[in-house]
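Student: Read off the chains here:
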Amino acid sequence: MKIHVVFYGRLKQDVGAKTAEIDLAQDGLTVHDLAGLLEARYPVLRERLGGVAFAVNDTIVADDYCLRDGDEAALLPPVSGG
Amino acid sequence: MKIHVVFYGRLKQDVGAKTAEIDLAQDGLTVHDLAGLLEARYPVLRERLGGVAFAVNDTIVADDYCLRDGDEAALLPPVSGG
Amino acid sequence: MRMSRWILDTPLQLEPLLAETEDPASGALVIFYGTVRNENDGQPVHSMTYEAHATLAEKVLAEIEQEALERFGVRRCRIQHRIGTLQLGETSVLIVVRAAHRDAAYRASRYAIDAIKQRAPIWKEEHYISGESRYLDGVPLQQKDIE
Amino acid sequence: MRMSRWILDTPLQLEPLLAETEDPASGALVIFYGTVRNENDGQPVHSMTYEAHATLAEKVLAEIEQEALERFGVRRCRIQHRIGTLQLGETSVLIVVRAAHRDAAYRASRYAIDAIKQRAPIWKEEHYISGESRYLDGVPLQQKDIE
Numbered sequence: 001m002k003i004h005v006v007f008y009g010r011l012k013q014d015v016g017a018k019t020a021e022i023d024l025a026q027d028g029l030t031v032h033d034l035a036g037l038l039e040a041r042y043p044v045l046r047e048r049l050g051g052v053a054f055a056v057n058d059t060i061v062a063d064d065y066c067l068r069d070g071d072e073a074a075l076l077p078p079v080s081g082g
Numbered sequence: 001m002k003i004h005v006v007f008y009g010r011l012k013q014d015v016g017a018k019t020a021e022i023d024l025a026q027d028g029l030t031v032h033d034l035a036g037l038l039e040a041r042y043p044v045l046r047e048r049l050g051g052v053a054f055a056v057n058d059t060i061v062a063d064d065y066c067l068r069d070g071d072e073a074a075l076l077p078p079v080s081g082g
Numbered sequence: 001m002r003m004s005r006w007i008l009d010t011p012l013q014l015e016p017l018l019a020e021t022e023d024p025a026s027g028a029l030v031i032f033y034g035t036v037r038n039e040n041d042g043q044p045v046h047s048m049t050y051e052a053h054a055t056l057a058e059k060v061l062a063e064i065e066q067e068a069l070e071r072f073g074v075r076r077c078r079i080q081h082r083i084g085t086l087q088l089g090e091t092s093v094l095i096v097v098r099a100a101h102r103d104a105a106y107r108a109s110r111y112a113i114d115a116i117k118q119r120a121p122i123w124k125e126e127h128y129i130s131g132e133s134r135y136l137d138g139v140p141l142q143q144k145d146i147e
Numbered sequence: 001m002r003m004s005r006w007i008l009d010t011p012l013q014l015e016p017l018l019a020e021t022e023d024p025a026s027g028a029l030v031i032f033y034g035t036v037r038n039e040n041d042g043q044p045v046h047s048m049t050y051e052a053h054a055t056l057a058e059k060v061l062a063e064i065e066q067e068a069l070e071r072f073g074v075r076r077c078r079i080q081h082r083i084g085t086l087q088l089g090e091t092s093v094l095i096v097v098r099a100a101h102r103d104a105a106y107r108a109s110r111y112a113i114d115a116i117k118q119r120a121p122i123w124k125e126e127h128y129i130s131g132e133s134r135y136l137d138g139v140p141l142q143q144k145d146i147e
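Protein chains in written order, with our numbering: chain V, 1 to 82; chain L, 1 to 82; chain C, 1 to 147; chain G, 1 to 147.
It is possible that part of the hints are untrue.
[Unchecked claim] Derived pair list, reagent style DSBU-like, types lysine-lysine, alpha-carbon separation capped at 30 angstroms:
id, chain 1, residue 1, chain 2, residue 2
1, G, Lys59, V, Lys18
2, L, Lys18, L, Lys2
3, V, Lys12, G, Lys117
4, L, Lys18, C, Lys59
5, L, Lys2, L, Lys12
6, C, Lys59, L, Lys2
7, G, Lys117, G, Lys59
8, G, Lys59, V, Lys12
9, V, Lys12, V, Lys2
10, G, Lys59, V, Lys2
11, C, Lys117, C, Lys59
12, V, Lys18, G, Lys117
13, L, Lys12, C, Lys117
14, C, Lys117, L, Lys18
15, V, Lys2, V, Lys18
16, C, Lys59, L, Lys12
The hints are simulated quantities; they were obtained by calculation from the structure and are not laboratory data.
Can you build the whole structure from these sequences, using the hints too?
Tutor: Here it is, written out as structure tokens:
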């Protein structure tokens with residue numbers, strides 16, 4: 001399965017990229033699993049992910065949400081709009 | 001002494017005039033005295049004056065304020081601006 | 001009828017007040033418009049006539065502006081009230097407040113409109129679709145409020 | 001970058017929102033502008049860049065508008081947030097609320113801006129006169145806030 005990952009706000013700066021692709025042989029990846037994969041790839045995220053929400057296809061989802069092939073997963077750090 | 005009286009808001013409607021002149025032989029008229037003279041001239045004011053403030057020369061004054069010849073006394077009913 | 005910084009007999013305009021109050025240190029701008037609405041207590045309204053004791057009203061509105069600045073620490077406060085006969089939707093009062101942060105701006109704006117309704121020597125007469133007119137009940141002015 | 005009813009990458013304009021929300025039954029209009037100010041925590045600010053998760057932000061701003069209508073009984077509520085790089089004094093967020101009476105209008109406006117700051121997926125990066133830039137600390141999004 002392929003997951004398209006998008007980093008927002010300071011995360012984009014932290015990882016040095018706006019997007020990333022996750023490409024796995026197996027299916028059944030949860031958001032929690034995805035977070036683990038991203039931490040492994042970008043160690044800088046370890047201290048960040050505590051305050052980060054995940055949105056899949058424009059909905060904020062829980063840690064146990066099951067990703068599907070082709071999903072877009074957005075990493076949303078603490079917000080500061082207004 | 002002469003006092004120029006101006007009626008505001010519904011008082012203008014009540015007495016049927018925007019202004020009135022008070023012309024007296026003696027001096028030393030207080031706002032309280034003026035209210036009495038006006039009630040005598042316009043009985044309709046009796047039920048109104050409880051909520052009315054008096055302004056003399058653009059300052060709201062107390063009942064015992066001593067009027068001077070030529071003063072303008074404005075009768076200000078309860079307000080409803082905004 | 002006369003024009004001043006506070007009491008006008010022509011339509012109130014936001015743009016000049018925004019220009020007058022421009023301020024790079026303000027991050028919040030709260031604007032309040034009071035407008036003539038189409039009914040009151042269930043009676044269809046046709047229009048509204050506002051009358052002021054203009055010189056005293058100007059003094060009171062200037063005082064309220066000053067109080068807003070001092071009590072809430074906002075950076076700008078300007079108030080204008082219109083007099084004369086207004087049609088539905090027209091603006092009777094306009095308040096512009098600028099502050100570093102939003103909390104002070106909202107509080108000062110709210111303070112200003114509440115104080116205007118309590119203390120400004122202004123009266124309104126509602127004209128109804130029925131043809132009748134009525135002065136609205138109001139708030140008695142207090143000597144201490146103004147001096 | 002895209003245009004929508006809620007998220008825009010061009011200067012926010014009051015007039016179209018006033019026209020869109022016109023309402024003869026409203027007697028109170030409260031407008032809030034958030035603007036870029038010239039300092040933060042004592043550091044002189046040069047400009048500010050706003051970024052949004054646009055589709056999610058639009059959903060959230062539309063929800064906040066709806067909540068303002070329902071919770072406070074106001075008659076109109078429109079919110080727009082700008083993205084991109086803004087200069088000092090430019091408007092990042094604009095909220096227009098119309099209600100029959102002022103109390104509801106003020107409360108709904110305040111509710112909307114507070115909710116935006118808590119729940120809208122929008123981030124700002126401050127650029128300082130010194131040449132440095134910094135993402136501001138923010139509020140973690142909660143799943144329940146949005147779903």
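Student: Please go over all the hints and tell whether each is borne out by the structure.
Tutor: Here's how the hints hold up against the structure:
For the hint linking Lys59(G) to Lys18(V), the alpha-carbon distance of about 22 angstroms falls within 30 angstroms, and the restraint holds. Annotation: proposed proximity of Lys18(L) to Lys2(L) holds, straight-line Cα distance about 17 angstroms (limit 30 angstroms). As the CA atoms of Lys12(V) and Lys117(G) are separated by approximately 20 angstroms, the hinted pair is consistent with the 30 angstroms bound. Among the hinted pairs, Lys18(L) with Lys59(C) is consistent with the structure: their alpha-carbon atoms are about 22 angstroms apart, no more than 30 angstroms.
Between Lys2(L) and Lys12(L) the CA atoms are separated by roughly 20 angstroms; this keeps the pair inside 30 angstroms, and the hint holds. In summary, the hint linking Lys59(C) to Lys2(L) is supported, as the alpha carbons are separated by about 26 angstroms, within the 30 angstroms threshold. Proximity of Lys117(G) to Lys59(G) is assessed by CA-CA distance (about 15 angstroms); at most 30 angstroms being required, the pair is judged to hold. Between the alpha carbons of Lys59(G) and Lys12(V) the distance comes to roughly 22 angstroms, so the proposed pair stays at or under 30 angstroms and holds.
The hinted pair formed by Lys12(V) and Lys2(V) meets the criterion: a straight-line CA distance of about 20 angstroms does not exceed 30 angstroms. Restraint check for Lys59(G) and Lys2(V): the C-alpha separation of about 26 angstroms stays at or below 30 angstroms, so the hint holds. Between Lys117(C) and Lys59(C) the CA atoms are separated by roughly 15 angstroms; this keeps the pair inside 30 angstroms, and the hint holds. Using a Cα cut-off of 30 angstroms, the hinted pair Lys18(V) and Lys117(G) holds, with the two alpha carbons roughly 23 angstroms apart.
Of the pairs offered as hints, the one joining Lys12(L) and Lys117(C) holds, with about 20 angstroms between alpha carbons and a cut-off of 30 angstroms not exceeded. For the suggested pair Lys117(C) and Lys18(L), the alpha carbons sit about 23 angstroms apart, so the restraint of at most 30 angstroms is met. Annotation: proposed proximity of Lys2(V) to Lys18(V) holds, straight-line Cα distance about 17 angstroms (limit 30 angstroms). Simply put, Lys59(C) and Lys12(L) have alpha-carbon atoms about 23 angstroms apart, close enough for the 30 angstroms limit, and the pair holds.
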